[in-house]
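S.K.: Place chain B on chain A using the hints.
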Amino acid sequence: MSKKLLSLLMVAIIVMTAACNPAPAPTSPPTAAPTAAPTEPPPPPKQEEKIYRTTFTADIRTLNPHTGTQSVEDGARADLSPLLFMQAIEYDAAGNPVAPVWLPVFAAELPIALDDGYNWEIKLNPDGVWENGEPVDADTWMYTFKMYVDPTMFNPYGSWLFRDQIEIVNAEAYYLQNQAGNDPVAWEDVGITKVDDYTIHLSLTSRYRQDDVIRHFGKIYAVYEPLYESLMNESRTQTTYGTDKASFLSGGPYILESWTIGSERLYKKNPLWPHADMINLDGVLSTLVPDSNAAQLLFENGEIDVLGVTAAMYEGYREDPRLLITPSGANQILYANVVNPQVPILADLNMRKALYHAVDRESVAKLVNVAPWATFMHGNAGGPRPGVGFWDTPEAQALIPDNWGFDPELAKQYFDTAYAAAGLSGKLVLEFMYSETSEVHKSVIEFLQAQWAIIFGQDLFELRLVPVPSPAILAAQTEWPSNPNSYQLSIQGLNWPNTMYYPNQQFKFYCNMNVDGLTFTDFESMAPDMPEMYLLSLTEEYRMDSELLYELSLEMEKYWMDNMFGITLYRPLSFTIYSDRIVLPVTQEQYSPLIGWGTRWMDIDLTK
Amino acid sequence: MTNINETSIPEFEGMFDPLNTEALKDDVFQTSPMGFFKESFLRFTRYRVSIVAFWIIMVVVFLAAFGPALNPYGFNDQNVARMNMPPRIPYLEKMGIADGSRILTNRRASGLSDLTVYPPGSIMEIMNPRMISGVEMVDLKVNYYSFIGLGDEYFWFGTDYLGRDLFTRLFRGTRISLIIAIFSVAINTVIGVIYGAIAGYYGGNVDMLLMRLVEIISGIPQLVVFTLFILVFGRGINAIIFSFVVTGWMPTAYLIRAQFYRFKGREYVLAARTLGVPDRLLVFRHILPNCVGPLITRAMIAIPGAIFSESFLAYIGLGLQPPEPSIGVMLSDGQRVLLQFPYQTLFPAIIISALMISFNLFSNGLRDALDPTKRGEF
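These protein sequence lines map, in sequence, to chains A and B.
Here the first sequence is numbered in the numbering used here, starting from 1 and rising by one per residue.
Here the second sequence is numbered in the numbering used here, starting from 1 and rising by one per residue.
Don't read these hints as lab results, they were simulated from the structure.
All C-beta atoms, glycine included, are put in the ideal place defined by N, C-alpha and C.
One thing to keep in mind: the hints can contain errors.
In silico DMTMM-like cross-links for lysine to aspartate or glutamate, where the CA-CA straight-line distance does not exceed 25 Å [unchecked claim]:
hint : chain 1 : residue 1 : chain 2 : residue 2
1    : A       : K123      : A       : E225
2    : A       : K366      : B       : E324
3    : A       : K269      : A       : D282
4    : A       : K558      : A       : D529
5    : A       : K427      : B       : D77
6    : A       : K608      : A       : D320
7    : A       : K412      : A       : E362
8    : A       : K558      : A       : D392
9    : A       : K608      : B       : D139
10   : A       : K146      : A       : E188
11   : B       : K141      : A       : E300
12   : B       : K264      : B       : D371
13   : A       : K50       : A       : D277
14   : A       : K366      : B       : D77
15   : B       : K94       : B       : E125
16   : A       : K608      : A       : E300
17   : A       : K427      : B       : E324
18   : A       : K194      : A       : E134
19   : A       : K366      : B       : D152
20   : A       : K366      : B       : E153
21   : A       : K269      : A       : D605
22   : A       : K194      : A       : D115
23   : A       : K269      : A       : D603
24   : A       : K366      : B       : D139
25   : A       : K608      : B       : E136
26   : A       : K412      : B       : D77
27   : A       : K366      : B       : D114
28   : B       : K141      : A       : E315
29   : B       : K141      : A       : D320
30   : B       : K141      : A       : E319
31   : A       : K366      : A       : E589
Just a few of them, taken from the derived set where beta-carbon distance is under 8 Å, the chain A residues facing chain B [to be verified]:
hint : residue
32   : N293
33   : Y317
34   : K366
Here chain B stands alone, though its shape is the one from the complex:
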């Protein structure tokens, strides 16, 4: 092949000067090329709040997985002698936090010296002396563990109305809530992706038909679906998961459909189609990968929604079959004794709040990190 720089063309002789080829030479890349997900990860690490949220989720997931095994109590170990014990946590108790104390109201002052009722050291403070119906009454702050003769035991989050350990029940319940949420979101994602992909990719009458069907299904109130499913199929995990699936896949389908409409007309897709790439490959290799970012974000946002829905169902009495706990079941039980034993509501409330907030903050970080319009931003 002739080097053009060395070719002489008589007609243009003298009109052009040859370029300095040395000056045009690019430097060789010193770094390896960065993929989309790596770049997204790097971008995600910039969102400190999301990182914190991620670690909170990890801690809760760890406790949900291993928490129930961290103490000797089973989730359904009942004991009438240790009902409604207050929280008591080693080390923290020395700081006056979760020290197993409890306020006993309306106690007769005359009975405080009875050691069979108040063992030595059980009374921590005597408060609010007063007369009621001619009887001297006081309120007492007692070490409840000493008071009922369980001085060596520790119930970190206290016990419930059947004497069951709340720490064990809470994290077993968290595990179940997470399982319900993750499975229902996973199934919703699969159905939504397939449905949305078909509607978005083929468009036209297929899209019209599928979308009308979605609109019909979405017209059924969600609470009615939940209630009917649970009434017909019982209060098992499966019934709750599938009740979430009946209408839960539709937002994902809408999302994927929109993404497909956006990408299916792009040049590279048209080029691939022109080259005879089959629909299946077009969908799964060329278009769907572009939806992964929004899809992950959507799934992450849906998880706290599912946890909340499960808790809501349990709260209104449509929860799991007793004695199986879930966060919602525990909140429902705890709110009945909110004034008397607030810790029975407090711990489940903290966990569900932490999960909801963390998943939402984590999702926000993911959404920004996976946003293709932010490529190159660090």
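Chain A extracted, bound-state conformation:
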């Protein structure tokens, strides 16, 4: 192609391109604004709403209180569903929070003991309604209770009604009647009856304190019968109630405004809630943010109001005045599978004591920003008197060993004794199973792996780590009766927030009294007297006498230390930061495990 032709072609292209682009419109001189027609005065600017912006790491599966078993689901239900009693904060004259108090919400008042304490009445609040205005009356609650223990549905939360803080006559038998060998029980024979539209009568198997009855019903949430029934399958074994916005009706402090599953939930304040005047927020927006680093960026950008500070983030916020430290109720405990035939040495008390005394809890605490803890009962456990913690008393303090139980020389002595008794000659190899998603567990166990090899001898001891997926770990830990080889050593924490006044109840798990059958090893072979002590603590004599119960609980704690059927590693701490605009009713200085942070009653300062 000649240069001339090429030039012509380029000129043509430029002309065509120019032609395709519209010429700029001639600039017209600015015209005068048209004469303003008389209009309505502009509406006042809408006041900014007090929306608390929070995050969650995994969406809830259901809002159905009968089937949801995750703690995050409990939190959502407490926000959205009718509840008879709710915990609030009592303030002194100076406005300082002093104690938790129970607030009747859909109950008109606290439960009333009839004559002997075996029978109770709960008066319902006539102002209690669903978001659509329909009443939450005795029929609502009777239907809710019945569905909790429905023998056909066999809901996982059935035990919460029939035997938790209190035991209701025939409720367990009704729930279990379809199980092999059980007799049929009619609903009418269960100890919950409707007296009138706003009164429910309870018949209990024993005498209980008012506090027991309140706490028992403090986590029983009502369901909306028409929706619950319409979503039931033909065989009446399942309902899809509460699995999305359309299948749920709110009646709690907030109304479920929208729920984009796997993304976000928006709650709006429920003006019909009996204590709506106590709720300061206009709404709550919860957004799915699975990654903690992403949450940190959102918090730093002011897009969310709360940040859970992880161990890795802690250093960056340790001096931040907004940082709140919450001790957890769930001590992290190492369990030894004493029936595992591959490692019979674990059944030897000396070996378990060796492991106990070989844990440098101070270093563990520094390593993962937790509190050192060496005893079994958790730090939130209630003591002899209301408002007094179990570990606040000198008798309990005396049970805490020096140096949090860490004594490498003593550990080595116990190890050598156990090693000799087992007739071992080579290296003892133990496997430690833990959840692969837990960074804290991983750090702690890797630390123990190195430390124990040094303490017991590199040539005598080796700890192998077995990370497993989270869903598999509980299965492995609890299948020891059918599969003794399921694990050797493992770590687990159990939270007992509802037993804070009853230290004895924490031993329920160790006495095979847990209705879900969750026991991690054969505790009875390690501590044969514990079930008897536990059953004693459940008797009326002890249950109705706090001092007596407290003394027995001390005995049980000592017994635990002597028989070492769980090796406490540490007490978790959780760190939280709220943005400057959040006003909590409790400060760090005022915090106590019994009161908590009172987040339900928080406010937002819109000027910040």
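M.R.: Just chain B now, with coordinates in the frame of chain A:
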């Protein structure tokens, strides 16, 4: 014997002139004949990028072999007092690189004068003063080694969440990653060569049967194979190597089979066969040497693939048994604290990137150098 030039044939008398034999005489070669590999080597030296890649690999291999012994820290020496130390490298620190400094955010301004917390000289810079909840706060750049009282220590790549030296762990991990990669590739090559040679050489029903078997095995998802192997045989090096072998040998088998199909019909092979050379010799002496070039190239390409696979497995939680490190294990641990301690991800990322890129560039050079169609090109 009669010299033909001196022979007189009456019938052709006068028709031909004798050739000038002097003019036909070739010069004697002044150089010795050059073999295939020597020529390939010379050709390879022309690819400067590949040469650089080769030396990078050598440096990493050297560090993997001897790096963990270059400082006094063991790969599992834990110390709670020195957790998450930033990198500090002699000489470089004077240039402000890897100087052991760290930004401490959200510190109370009122506490900066407390010498028990901030020893003299530990604070390098005070930044971003602000008020939070009525308290004056600042961010600090500190010499973290002075800050926690380890002024004389040097952790070249910093330490991790258990206070373990990352330089030692990284190169021990690199060593393990390389061992896994090299062993798995070597085993894959041996299996692939034998399998592919049999299929390619015998052809027919044997080939059909063997190839169908390969197709069945290749239908199993690789991740499933990895997961099952590690679940059944544990998280040891052997389990990971063999999980890579289950399906990893098949590309080599395909390659060798194709090469055998290409060469087994060549004249020299047919001649050898006609002369009664046994199959074994035909395969290993006459055909297989022709596959060496592609085979080496293939193996070199497979090594970074194996390193990456091991890292991927570790990243998703199927890595080696702790406390043994590998590049993937370190990346997995580092990414959890990426915002707080980015160097814990940076160094393993640099090493794995250098290895992946270098092996690929090195393989490209080898591929061209060993290409028989380029013989004579310099």
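S.K.: Compare the structure with each hint and give your call.
M.R.: These are the hints, each one checked on the structure:
1. Taken as a hint, the K123/A and E225/A pair is honoured in the structure, with Cα atoms around 20 Å apart against an allowance of 25 Å.
2. Annotation: proposed proximity of K366/A to E324/B holds, straight-line Cα distance about 23 Å (limit 25 Å).
3. Using a Cα cut-off of 25 Å, the hinted pair K269/A and D282/A holds, with the two alpha carbons roughly 5 Å apart.
4. With a C-alpha separation of about 12 Å, the suggested pairing of K558/A with D529/A holds against the 25 Å cut-off.
5. With a C-alpha separation of about 21 Å, the suggested pair K427/A and D77/B falls inside the 25 Å cut-off, and the hint holds.
6. Distance restraint check for K608/A and D320/A: the Cα-Cα separation of roughly 17 Å lies within the 25 Å cut-off, and the hinted pair is therefore satisfied.
7. Using a Cα cut-off of 25 Å, the hinted pair K412/A and E362/A holds, with the two alpha carbons roughly 19 Å apart.
8. Between K558/A and D392/A the alpha-carbon distance is near 16 Å, which keeps this suggested pair within the 25 Å criterion.
9. This hinted pair checks out: K608/A and D139/B have alpha carbons roughly 22 Å apart, not beyond 25 Å.
10. The straight-line distance between the Cα atoms of K146/A and E188/A is roughly 10 Å, inside the 25 Å bound, and the hint therefore holds.
11. Restraint check: the Cα-Cα separation between K141/B and E300/A comes to about 19 Å, which is no more than 25 Å; the hinted pair holds.
12. For the hint pairing K264/B with D371/B, the CA-to-CA distance comes to about 19 Å; that is within 25 Å, so the pair holds.
13. Annotation: proposed proximity of K50/A to D277/A holds, straight-line Cα distance about 14 Å (limit 25 Å).
14. In summary, the hint linking K366/A to D77/B is supported, as the alpha carbons are separated by about 17 Å, within the 25 Å threshold.
15. Proximity of K94/B to E125/B is assessed by CA-CA distance (about 16 Å); at most 25 Å being required, the pair is judged to hold.
16. Simply put, K608/A and E300/A have alpha-carbon atoms about 15 Å apart, close enough for the 25 Å limit, and the pair holds.
17. Distance restraint check for K427/A and E324/B: the Cα-Cα separation of roughly 19 Å lies within the 25 Å cut-off, and the hinted pair is therefore satisfied.
18. At most 25 Å may separate the alpha-carbon atoms for a hinted pair to count; K194/A and E134/A meet this at roughly 18 Å.
19. Distance check on the hinted pair: K366/A and D152/B sit about 23 Å apart at the alpha-carbon level, within 25 Å; holds.
20. Between the alpha carbons of K366/A and E153/B the distance comes to roughly 21 Å, so the proposed pair stays at or under 25 Å and holds.
21. Taken as a hint, the K269/A and D605/A pair is honoured in the structure, with Cα atoms around 17 Å apart against an allowance of 25 Å.
22. Restraint check: the Cα-Cα separation between K194/A and D115/A comes to about 18 Å, which is no more than 25 Å; the hinted pair holds.
23. Between the alpha carbons of K269/A and D603/A the distance comes to roughly 13 Å, so the proposed pair stays at or under 25 Å and holds.
24. The hinted pair formed by K366/A and D139/B meets the criterion: a straight-line CA distance of about 23 Å does not exceed 25 Å.
25. Distance check on the hinted pair: K608/A and E136/B sit about 17 Å apart at the alpha-carbon level, within 25 Å; holds.
26. For a cut-off of 25 Å, the pair hint linking K412/A to D77/B stands: about 21 Å separates their Cα positions.
27. As the CA atoms of K366/A and D114/B are separated by approximately 21 Å, the hinted pair is consistent with the 25 Å bound.
28. This hinted pair checks out: K141/B and E315/A have alpha carbons roughly 14 Å apart, not beyond 25 Å.
29. Annotation: proposed proximity of K141/B to D320/A holds, straight-line Cα distance about 17 Å (limit 25 Å).
30. Taken as a hint, the K141/B and E319/A pair is honoured in the structure, with Cα atoms around 15 Å apart against an allowance of 25 Å.
31. As the CA atoms of K366/A and E589/A are separated by approximately 22 Å, the hinted pair is consistent with the 25 Å bound.
32. A cut of 8 Å between beta carbons decides the hint on N293/A: the least distance to chain B is about 5 Å, and the hint holds.
33. Given hint, Y317/A at the interface with chain B, holds; its Cβ is 6 Å from that chain's nearest Cβ, closer than 8 Å.
34. The beta carbon of K366/A comes within 5 Å of a beta carbon in chain B, closer than 8 Å, and the hint placing it at the interface holds.
In summary, the structure agrees with every hint in the numbered list given earlier.
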